[in-house]
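Two chains, two separate frames, one set of hints: put the complex together.
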Amino acid sequence: DAKTTQPPSMDCAEGRAANLPCNHSTISGNEYVYWYRQIHSQGPQYIIHGLKNNETNEMASLIITEDRKSSTLILPHATLRDTAVYYCIVRSSGAGSYQLTFGKGTKLSVIP
Amino acid sequence: DAGITQSPRYKITETGRQVTLMCHQTWSHSYMFWYRQDLGHGLRLIYYSAAADITDKGEVPDGYVVSRSKTENFPLTLESATRSQTSVYFCASRGGIYNEQFFGPGTRLTVL
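So the sequences go chain by chain: S and E. Reading the first sequence from the start, the letters are residues 3 to 114 in the numbering used here. Reading the second sequence from the start, the letters are residues 466 to 577 in the numbering used here.
So here's chain E without its partners, still in its complex pose (with noise of 0.2 Å):
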């Protein structure tokens, strides 16, 4: 399916445990974003892409690490997830004649 996937669309995990965010996308577009959106906050980025290889951090990057050996994906780690990770994360791409972004569903992590 043509699109941006994440996955998983749901996580309960541990404090401490490793957990890594899928994000999948099929236009080939170079720049890729990882936001977190809780209540009171908005969606904050936390790390982009603009091409395989290439990451940099955005608003809120400590606790998080990215990888983008690839143009299509983009993946998430928590390497000792804390309760304060718990939110609701969206990856997203960046293409389109207007250079539009173009969000996934989300996944939704619980960290207890």
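If we strip away everything but chain S, and leave its shape as in the complex, we get (with noise of 0.2 Å):
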């Protein structure tokens, strides 16, 4: 699976949109892109995914460029409950994968 690099941290505003970038310029063309994060002594989350367009739900909207290099999870309307440590993940789409690769994350402070 490939590599991904994501800032070590970041700060938001209540209320404001937050930004989560993330690069995975040697994603190959069947893997997906899966974002999950993990509150405070919680186990992670699964948040949303995506491979090659935009995708929505309730929780967040997921931006891929067109290379599918780098991905954007946006929070639209952050509140102080998303203060969390966010994990970018790449991973196959393949039949027998089923590994999830963990990095270090970024960790956003939403900013009462």
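No lab work stands behind these hints: they were computed from the structure. Among the clues, some could well be false.
[Stated by the list, open to error] Here are the simulated DSBU-like cross-link-like pairs (lysine-lysine), alpha carbons at most 35 Å apart as the crow flies:
id, chain 1, residue 1, chain 2, residue 2
1, E, 522, S, 71
2, S, 106, S, 5
3, E, 522, S, 109
Fair warning: this is a prediction, and the values are worked out from it, not measured in the lab.
Quick look at the structure:
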């Protein structure tokens, strides 16, 4: 699976959009981009994933560049409860693919 | 209750003792996983299981034993605990419409 690069930390004002970048320049054609987050002391939680089209769900939006070498997770109206470590993970879509490789992620602090 | 649970949530033991961490899921997901999380390392895969009676090593399997006699349970055993196994342990199962991983609340293990 391709490696990802994320900034170690970011701040965001409460109520504003949080834009979390991720670089995955070695991503291959059958690899998806997944985002998980981990709120302090809890298990990681799935947020969203995508292949090449932009995706949106009730939690967030995922914007993937046309060349698929980077992506941005957008939390449209950040709240204090969104303070967490956010992990960008690239994973193959193959039938036998199972593993998530967690890097160090981005620690997002939402400021009141 | 539906979901994935772990027990105990906290455990203190001594070097050389055997410890078993329990994981139970109610979804009948085929895949289950054990991760450990240490400061500076993120989450690392210890073992995984594709189905009952099928298990395989992950990134850091040494010192651990797993079994899976029933689909819903995936216990992790430290046969002779060492201080380096002090960590937070997360169990996960894979399923849902996006094949995402669902994580348990974690077990904080301290080996004295």
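Here's how the hints hold up against the structure:
A distance of roughly 30 Å separates the Cα atoms of residue 522 of chain E and residue 71 of chain S; the hinted pair therefore holds under the 35 Å criterion. Taken as a hint, the residue 106 of chain S and residue 5 of chain S pair is honoured in the structure, with Cα atoms around 12 Å apart against an allowance of 35 Å. Restraint check for residue 522 of chain E and residue 109 of chain S: the C-alpha separation of about 29 Å stays at or below 35 Å, so the hint holds.
Violated hints are absent here; each numbered hint is respected by the structure.
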